[in-house]
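Undergrad: If you read the protein sequences in the order shown, they are chains P and S. Here my numbering is used: position 91 in the first sequence is 91, and no number is missing along the way. Here my numbering is used: position 97 in the second sequence is 97, and no number is missing along the way.
It is possible that some hints are incorrect.
[Claimed, not checked] Derived SDA-like pairs: lysine to any residue, alpha-carbon spacing no greater than 20 Å straight-line:
#1 Lys33/P / Phe49/S
#2 Lys2/P / Arg30/S
#3 Lys39/P / Met63/S
#4 Lys2/P / Ala26/S
These aren't lab readings, by the way, just hints derived from the structure by calculation.
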Amino acid sequence: MKTLLVASVFVLAGVLGLALGWSMLDLPATAVKLPVEVKAQLAVSGVAHPVTAVLLNFRGYDTLLEIAVLLLALLAILALPQATSSVERCPASANRMNPMLQTVARLLVPLMVLVAGYVLWAGAYRPGGAFQAGAVLAGAGVLLHLAGLLPPWTSPGRALRVGLAFGLLVFIAVAAAVMLQGTLLQYPPAWAGALILLIEAGLTVSLALVLAGLYLALTDTSVQQ
Amino acid sequence: MSAALLYALAGVALFVIGVAALILQAHLLRKILAFNVMGSGVFLVLVGFGQRSGVPDPVPQAMVLTGIVVALAATALALALARRLLDLNGEMRLPEEEIVRDRLDV
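For reference, chain P alone in the conformation it holds in the complex (with noise of 0.2 Å):
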């Protein structure tokens, strides 16, 4: 009984590839050229890269909606109540204390937060952009909680809580401003160059402090005392 339900799996799972295959095959090249209609607007977006550009400019709500998708699992993540059975799932509270683990923590992570800031800053122009930043900061965070320099997140306080939600307010204070003009996200072709800027450093600074937070408010701490 267990090998047929095996075997219907896989041929249902045969049968759909070789449909999403077909259909892939079929399908006809695309109405709209959509690289041809970003290369023509790049000028006015404020940035000079493409990718950028899409992200922050011809499509920011998607941008505004995924640091809210963020920010709302990470709180998810925090209502679920506390961890309250005795299964030992924490290993690696050997490692903590560990002065080698400490040292090399203690010499990469202001390298990340320089690598953080040009990353930022380098997609204007070249791939980069807030994701990339907040997530090299993201990691500095994980790395400084491996070796034992910072405590997990069971309650953020107030400062962590306004961090987290920074970049998704800095969004959408930019995107009811320019709406005073009419649609929501327009910026004017004049500004929309500081405008993305600004965002996409409020974007880092709550990206890389819910990215952090999924790994320190999910660390079990009734291992570590």
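Since the structure of chain P is already known, use the hints to place chain S on it.
TA: Chain S only, in chain P's frame:
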């Protein structure tokens, strides 16, 4: 076969592998991993097929960048919920899995 089509078909293969694993694997951690493999397949289709006209298309690339972050958030939430389930039930599988297995053993 162009490179774009090859990427898209590889993405389809990843997606299908993820779907099969999502159904077949009972352990929640494996289900979450399967969900991520499915997502990677979708991203590969979007980015790979976005360049079939010869030039890279920044719009699907930006969408995938957004999608990666959302998938990360969803994965973290799923892991938190799975751990909560482990706290409550003492095992990393859905309550329905037991029923299915019992029924299959009959």
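Undergrad: Determine for every hint whether it applies to the structure shown.
TA: Going through the hints against the structure:
no. : hint              : result
1   : Lys33/P / Phe49/S : 13 Å, holds
2   : Lys2/P / Arg30/S  : 19 Å, holds
3   : Lys39/P / Met63/S : 17 Å, holds
4   : Lys2/P / Ala26/S  : 13 Å, holds
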